[in-house]
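The primary structure of each chain is shown beneath.
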Amino acid sequence: LSKTEINHNQTEQLSDEDTGLVKAFQNGATSAFDTLVLKHQDRVYNLCYRFLSDEQDANDAAQEAFVKAFQGLKRFRLESSFSTWLYRIAVNTCKNKLKSQEFKHRQTIIWIDAPIDGQDGDNRHIEIPDLTQSPELRLAEKEKLRQIQKAIHTLPIEQKLVVVLRDMNGLGYDEISEVTGYKLGTVKSKLSRARQELRKQLKGII
Amino acid sequence: MTECFKIEDHLSEYMDDVLDSKTKIMVEEHLKACEACQGEFNALKSLASKLQRLEPVQAPANFLAQVHGRLSPPSKARRWLDSLFYPLPVRIPIQIGAIATATVALILALHLIKPTIESAKQAPVDQQVGLKEKKVASSASHEQAQAVPSKSESPKAQKTDSVTPSKPVVITLLIHQTNAMNDSPTNEFPAPAYQPETSLGKEAKREESNDRFKNDKGIDSTRSSFQNYQDENSSRLNGVTDNKKLAPEEQPMAPSVVQYDETAMIQHIALQLNGRIVENQEKSTTVESDKDNEKHAHFSKDIQLLTIEIESERYEELLNRLSQAGAIQPPLPLLSDSPQEIVQIQIQLIYEKR
Chain A
1 LSKTEINHNQ
11 TEQLSDEDTG
21 LVKAFQNGAT
31 SAFDTLVLKH
41 QDRVYNLCYR
51 FLSDEQDAND
61 AAQEAFVKAF
71 QGLKRFRLES
81 SFSTWLYRIA
91 VNTCKNKLKS
101 QEFKHRQTII
111 WIDAPIDGQD
121 GDNRHIEIPD
131 LTQSPELRLA
141 EKEKLRQIQK
151 AIHTLPIEQK
161 LVVVLRDMNG
171 LGYDEISEVT
181 GYKLGTVKSK
191 LSRARQELRK
201 QLKGII
Chain B
1 MTECFKIEDH
11 LSEYMDDVLD
21 SKTKIMVEEH
31 LKACEACQGE
41 FNALKSLASK
51 LQRLEPVQAP
61 ANFLAQVHGR
71 LSPPSKARRW
81 LDSLFYPLPV
91 RIPIQIGAIA
101 TATVALILAL
111 HLIKPTIESA
121 KQAPVDQQVG
131 LKEKKVASSA
141 SHEQAQAVPS
151 KSESPKAQKT
161 DSVTPSKPVV
171 ITLLIHQTNA
181 MNDSPTNEFP
191 APAYQPETSL
201 GKEAKREESN
211 DRFKNDKGID
221 STRSSFQNYQ
231 DENSSRLNGV
241 TDNKKLAPEE
251 QPMAPSVVQY
261 DETAMIQHIA
271 LQLNGRIVEN
281 QEKSTTVESD
291 KDNEKHAHFS
301 KDIQLLTIEI
311 ESERYEELLN
321 RLSQAGAIQP
331 PLPLLSDSPQ
341 EIVQIQIQLI
351 YEKR
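For the protein sequence lines, the chains are A and B, in the order given. Mind the numbering: the first sequence is residues 1 to 206 in the working numbering, read in order. Mind the numbering: the second sequence is residues 1 to 354 in the working numbering, read in order.
Think of the hints as simulated: they come from the structure by calculation, not from any bench. All residues carry an ideal CB built from backbone N, CA and C; glycine is no exception. Some clues are possibly wrong.
[Said to hold, decoys possible] Ranges between beta-carbon positions, derived for each pair:
1) Gly28(A) - Asn42(B): 47 to 57 angstroms
2) Lys144(A) - Thr103(B): 33 to 43 angstroms
3) Leu38(A) - Glu55(B): 12 to 22 angstroms
4) Phe76(A) - Cys34(B): 42 to 52 angstroms
5) Leu108(B) - Glu141(A): 58 to 68 angstroms
6) Cys34(B) - Asn96(A): 35 to 45 angstroms
[Claimed, not checked] Covered, in the sense of this in silico footprint (three residues per stretch, anywhere, with C-beta under 8 angstroms from a C-beta of chain A), are these stretches of chain B:
7) 10-19
8) 52-59
Using the sequences plus the hints, can you model the full thing?
Structural data, given as structure tokens:
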């Protein structure tokens with residue numbers, strides 16, 4: 001099974017658990033929301049980080065997404081899975097952030113100043129180091145990750161969105177369509193263009 | 001080549017196995033025949049594989065606590081503040097806010113500084129005249145006037161303007177003296193306000209004064225009594241019994257005597273009106289170079305400060321008599337409507353000597 005398929009199966013299992021937790025919250029068990037946060041925080045944070053390419057913005061957007069979810073959970077009718085609904089909130093939050101002038105200004109500075117993997121910050125988003133590799137190889141791998149993230153960052157918002165949801169978060173086409181609101185054909189074409197563009201940019205690196 | 005472009009568009013979907021069966025077969029057949037598109041497909045698979053293998057980033061350890069922090073209701077003050085701005089349809093850029101704030105601050109600062117500048121303009125006048133806060137002067141809320149000597153102004157007795165009521169009335173006399181009797185002071189210096197003279201010179205002046213004030217008996221008597229007083233002093237100080245008999249070229253030049261004569265005259269007039277000199281101070285002597293003059297003449301400046309105390313109701317009369325004696329010239333500084341019992345007058349005598 002590919003990683004995408006594994007993620008999809010996990011999502012289905014989580015969906016059943018999520019439904020129970022959502023119902024519990026709607027019946028007054030507010031602690032159920034904490035469980036939902038702990039279950040989904042990494043996935044939402046990861047989505048926001050890949051989308052915004054900045055830890056601080058990702059953290060802020062992820063928190064904001066959960067706050068919005070908390071405020072709307074009482075009215076959530078379970079017509080889609082909780083995770084899809086949560087992703088939709090997160091995506092819209094990130095899109096709003098991307099459009100803000102403040103974000104654009106900050107992003108310009110970030111790309112000039114420091115590599116995306118934050119050499120002086122915590123390294124929680126870096127791949128688990130392969131100790132069998134030499135330091136030179138690990139450094140080269142780190143640089144490759146930075147180039148990939150930078151290439152994703154340069155994509156148009158719609159292309160970036162579908163490629164992140166598909167290749168990094170393992171969502172299916174239908175789910176991507178549900179999260180983004182795009183038609184299925186649009187999802188396919190945008191994903192195709194996004195991958196071609198990334199391949200061009202990362203030629204010689206991957 | 002055209003087919004390659006078509007196939008390239010489907011490679012992403014082919015990789016994800018979301019193509020319909022017909023298109024899928026078409027792509028498979030083309031990939032078998034076209035090495036370029038096969039290479040493109042392999043590269044695409046490699047990219048997707050790499051992206052999928054990227055380790056997901058993890059949220060901060062205190063993420064839940066941070067969410068709780070955001071969920072907690074804001075303070076009443078914060079809600080009130082938010083309510084002030086909440087439905088604003090227009091976002092005001094922070095730069096405009098900053099400019100507006102800076103402008104208001106600048107206006108306020110200028111407004112606050114203004115009185116300081118005005119008071120600073122008055123300060124040097126006090127320092128120049130060398131005034132001291134006096135007991136009587138501080139209690140007397142008089143409208144006072146003072147004159148400041150200046151080279152650009154006439155050396156006649158300076159007219160004074162109203163000053164703060166806590167200061168004594170200040171009158172400045174600029175007196176020009178020359179070492180040679182036949183030098184004409186007006187050639188290089190303006191005419192003095194009160195020209196101290198030798199006894200003979202004084203006689204001539206007295207004659208002139210008599211003509212001017214011949215209808216005023218009181219003034220005549222004042223002048224007459226001072227004439228006797230002055231004659232006695234001149235004889236005593238100069239060691240001459242009768243100066244009237246000396247020719248002008250024989251008159252001794254004694255600036256100090258001239259100064260004492262001036263002081264004596266003022267004292268005499270003050271005593272006649274029950275006033276008194278409470279302070280007689282010689283301030284300083286400086287030597288200055290008149291750079292504007294072609295000859296670059298050097299001259300010294302003696303300053304004498306006489307402080308007189310007199311009843312306020314006799315103040316005007318004192319000034320009149322000093323004016324009639326030629327010591328000061330009108331217009332005379334007036335007191336305010338509610339004068340105090342005792343008035344203090346400070347007369348600054350400035351002697352310039354070439």
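Hint-by-hint comparison with the structure:
Evaluation of the 47 to 57 angstroms hint for Gly28(A) and Asn42(B) yields a pass: the beta carbon distance comes to about 55 angstroms. A C-beta distance of roughly 53 angstroms is found between Lys144(A) and Thr103(B), which places it outside the suggested range of 33 to 43 angstroms. At about 19 angstroms, the beta-carbon gap between Leu38(A) and Glu55(B) stays in the expected band of 12 to 22 angstroms. Checked against the hint of 42 to 52 angstroms, the C-beta distance between Phe76(A) and Cys34(B) comes to roughly 49 angstroms, which is consistent with it.
The supplied range of 58 to 68 angstroms is met by Leu108(B) and Glu141(A), whose beta-carbon atoms lie about 60 angstroms from each other. For Cys34(B) and Asn96(A), the Cβ-Cβ distance of about 44 angstroms falls inside the hinted range of 35 to 45 angstroms, so the restraint holds. With 6 residues having a beta carbon nearer than 8 angstroms to a beta carbon of chain A, the stretch 10-19 of chain B meets the requirement of three or more and the stated coverage holds. Counting residues of the stretch 52-59 of chain B whose beta carbon lies closer than 8 angstroms to any beta carbon of chain A gives 8, which reaches the threshold of three, so the coverage claim holds.
Hint compliance for this structure: hint 2 alone is broken.
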